[in-house]
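Q: Working from the sequences, and respecting the hints, build out all of it.
Order-wise, the sequence lines are chains A and B.
Quick note on numbering: the working numbering labels position 138 of the first sequence as 138, and the sequence is numbered without any gaps.
Quick note on numbering: the working numbering labels position 332 of the second sequence as 332, and the sequence is numbered without any gaps.
A portion of the hints provided could be inaccurate.
Reference excerpt, derived from the structure (chain A facing chain B, CB under 8 Å, subset only) [as the list claims (entries may be wrong)]:
1) R13
2) S177
3) A181
4) M185
5) G186
6) V190
7) P199
Cross-link-like lysine to aspartate or glutamate pairs, in silico, EDC-like; alpha carbons within 20 Å at most [to be verified]:
8) B:K82 to A:D188
9) B:K253 to B:E282
10) B:K112 to A:D188
These aren't lab readings, by the way, just hints derived from the structure by calculation.
Predicted model, so just to flag it, every value in this text is computed and none were measured.
Yeah, the Cβ is synthetic: ideal placement off N, Cα and C, and Gly gets one too.
Each chain, written out:
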Amino acid sequence: MSALPPYATTGQRAWYYSFRVICGLIFFFLIAPIVVIIPLSFNSQDFFTFTPEMLRLDPEGFSLKHYRDFFSNDSWQSAMWNSLKIAPMATIVSVTFGTLAAIGLSQPHVPFRRAIMAILISPMIVPLIISAAGMYFFYSRIGLQGTYIGVVLAHAALGIPFVIITVTATLVGFDRSLTRAAANMGADPVTTFFRIQMPLILPGVISGGLFAFITSFDEVVVVLFVGSAGQKTLPWQMFIGLREQISPTILAVATILVAISIMLLATVEMLRRRSERLRGMSPS
Amino acid sequence: MADASNNDAFVEFERVQKSYDGENLVVKDLNLIMPRGEFLTMLGPSGSGKTTCLMMLAGFETATHGDIRLGGTSINNIPPHKRGIGMVFQNYALFPHMTIAENLAFPLEVRKMGKSEREAKVKRALDMVEMGAFGGRRPSQLSGGQQQRIALARALVFEPELVLMDEPLGALDKQLREKMQFEITHLAHRLGITVVYVTHDQTEALTMSDRVAVFEDGRIQQLAPPDKLYEEPQNSFVAQFIGENNTLEGTVKEINNGVALVQLDDGELIDCKPVNVSKPGERTRVSIRPERVEYNKDRLSEGAHTLKAEVLEFIYMGDIFRTRLRVAGNDEFIIKTRNAPDQVRLQPGQQIEIGWLPEDCRALDA
Ligand SMILES: Nc1ncnc2c1ncn2[C@@H]1O[C@H](COP(=O)(O)OP(=O)(O)OP(=O)(O)O)[C@@H](O)[C@H]1O
Ligand SMILES: [Mg+2]
Chain A
1 MSALPPYATT GQRAWYYSFR VICGLIFFFL IAPIVVIIPL SFNSQDFFTF
51 TPEMLRLDPE GFSLKHYRDF FSNDSWQSAM WNSLKIAPMA TIVSVTFGTL
101 AAIGLSQPHV PFRRAIMAIL ISPMIVPLII SAAGMYFFYS RIGLQGTYIG
151 VVLAHAALGI PFVIITVTAT LVGFDRSLTR AAANMGADPV TTFFRIQMPL
201 ILPGVISGGL FAFITSFDEV VVVLFVGSAG QKTLPWQMFI GLREQISPTI
251 LAVATILVAI SIMLLATVEM LRRRSERLRG MSPS
Chain B
1 MADASNNDAF VEFERVQKSY DGENLVVKDL NLIMPRGEFL TMLGPSGSGK
51 TTCLMMLAGF ETATHGDIRL GGTSINNIPP HKRGIGMVFQ NYALFPHMTI
101 AENLAFPLEV RKMGKSEREA KVKRALDMVE MGAFGGRRPS QLSGGQQQRI
151 ALARALVFEP ELVLMDEPLG ALDKQLREKM QFEITHLAHR LGITVVYVTH
201 DQTEALTMSD RVAVFEDGRI QQLAPPDKLY EEPQNSFVAQ FIGENNTLEG
251 TVKEINNGVA LVQLDDGELI DCKPVNVSKP GERTRVSIRP ERVEYNKDRL
301 SEGAHTLKAE VLEFIYMGDI FRTRLRVAGN DEFIIKTRNA PDQVRLQPGQ
351 QIEIGWLPED CRALDA
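A: Okay, structure coming up:
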């Protein structure tokens, strides 16, 4: 943001400062609830509040007991493993189908592409509870309700719209003469896809994949409907924890999830920059 | 490169038609036979179907009707990647995520060529376009002209017998363009490859090609070597499209011994060579090249028909003089004369008489 020019009017000056204040408030509003749980998760008491010791920064007031609880408690551990089994699979499925769908729908000769696109994106728009209820009835009929595959497919359906949107966005700038050039030089369609098209749309695929992963990783409504006890994921366990046990372990889990999210975002951003550099574009 | 088999048809279009929407024919009845090693240019106004023809040959569009043959075999059912045709795209289409050397190696890799052989070929191709030092760069780090040369090298590196180029020089400035025109023709002849070149720059077409196909409205209007095309246009579209041309309209009076007597619309009579007029009474457009018009009476043959002309404008262009005249009611009649010591410089307002040899004046369709 540029500095205030010397010729700015009073109105512009006022706007300049109030703009900053508004931005700060929005930022605070978004971040504060997340930031506040981080110190709380190191609480040595089983409370959801800052104890006087903590406020005095007394080492006695802090401990890792909630983290220890998370890593030793069986129900938390199985929930974490369930999440780690479901989210990556759902991501792979979303990325594969989402990318293929985006490529297919970007071909100008496909009939009804707008309508098909709208249908594929609808899980993002339709209220989650409606999708979840619909999936519950449908999956019960075909025997997928309460199975691992059922949850993976349900989460993939939620993740596909993100992949379609990000990949479609990268495809807009994709030059079709590149695939023609590759074919011309003797590359069959499969080689062309993996050697030419895929590397160039990779940034979109990676971001879409990230969104799909996060969607699955913190999804609770659909898994409550479609899953059974065997697919109890972390968010599900947190939900139970909140309702039944009110244990601050939940804060430790939340902190871990935030850390994972930040790491994922950072990694993906690095990957994206790298592949943009490879495409000959400057990192933005 | 010149042996007997060169005269065989290598690329053949037979009665090819193309329609994108099933209603309008973009290419109408295209017939073309190219011998091996020929440099053929498709020239024509925008939208005349040149790119479409190239795309059908490369396999990215299918012909609605007719047959396209390469080396005697029909390629209508061969997918693009099995045709073995090199192509230079208008926007170069270099792969941005690969280095220049990787770009060039790509067609060799998909042909499963060994590494050492591949590297040798890439190096040779880069040297051929004088870009040997740039193998490690990415396309975005090259200038337009350098990218163009890489695109050319990439189309040639796998040694295709046929190379297609769609306005490859469109994005270059005049100087680089002329240099590249020379380099491309030179290379094509040295390697003995067959080239189909698309442009709408007629100078480019005339200077580079063995033969030029003039496209208009989905048809080849004339297919001839550059000199024939310029000097003996077969119809008034070609005469008008290629080079500068003067047109006078009139009616055929009589045709005798290969000379047509044409009465211009203002009543004057001139002698012409009948090209596509056959009988008296037909309307015709008479075409004369500006440099074939003579106003020095001594150089005209005895008894030649002459026309009165008024000088409207004299333009000094260095090597030539370009003079605009009013002839038979046409204000845009141009004559060009060489800047020689004995040449007369005409003055605006001057009344002169102009004439020409009957064979330089072609009576074409109206
Ligand atoms: N994919 C397409 N779908 C429908 N019509 C098309 C398509 N491509 C080209 N056309 C039409 O076909 C006609 C010929 O197009 P083509 O691209 O062959 O022209 P061109 O001679 O290459 O022109 P230019 O010199 O402008 O490149 C044009 O009228 C164009 O509108
Ligand atoms: Mg074109």
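Q: Each hint: holds or not?
A: Hint by hint, here is what the structure shows:
1. R13: Constraint on R13 of chain A not satisfied, violated at 42 Å.
2. S177: holds (4 Å)
3. A181: Interface hint status for A181 of chain A: holds (4 Å vs cutoff 8 Å).
4. M185: holds (4 Å)
5. G186: holds (5 Å)
6. V190: violated (10 Å)
7. P199: holds (5 Å)
8. B:K82 to A:D188: holds (8 Å)
9. B:K253 to B:E282: Holds, because 8 Å separates the two Cα atoms, which is no more than 20 Å.
10. B:K112 to A:D188: Holds. K112 of chain B to D188 of chain A sits at ~13 Å (cutoff 20 Å).
Violated hints for the displayed structure, listed by number in ascending order: 1, 6.
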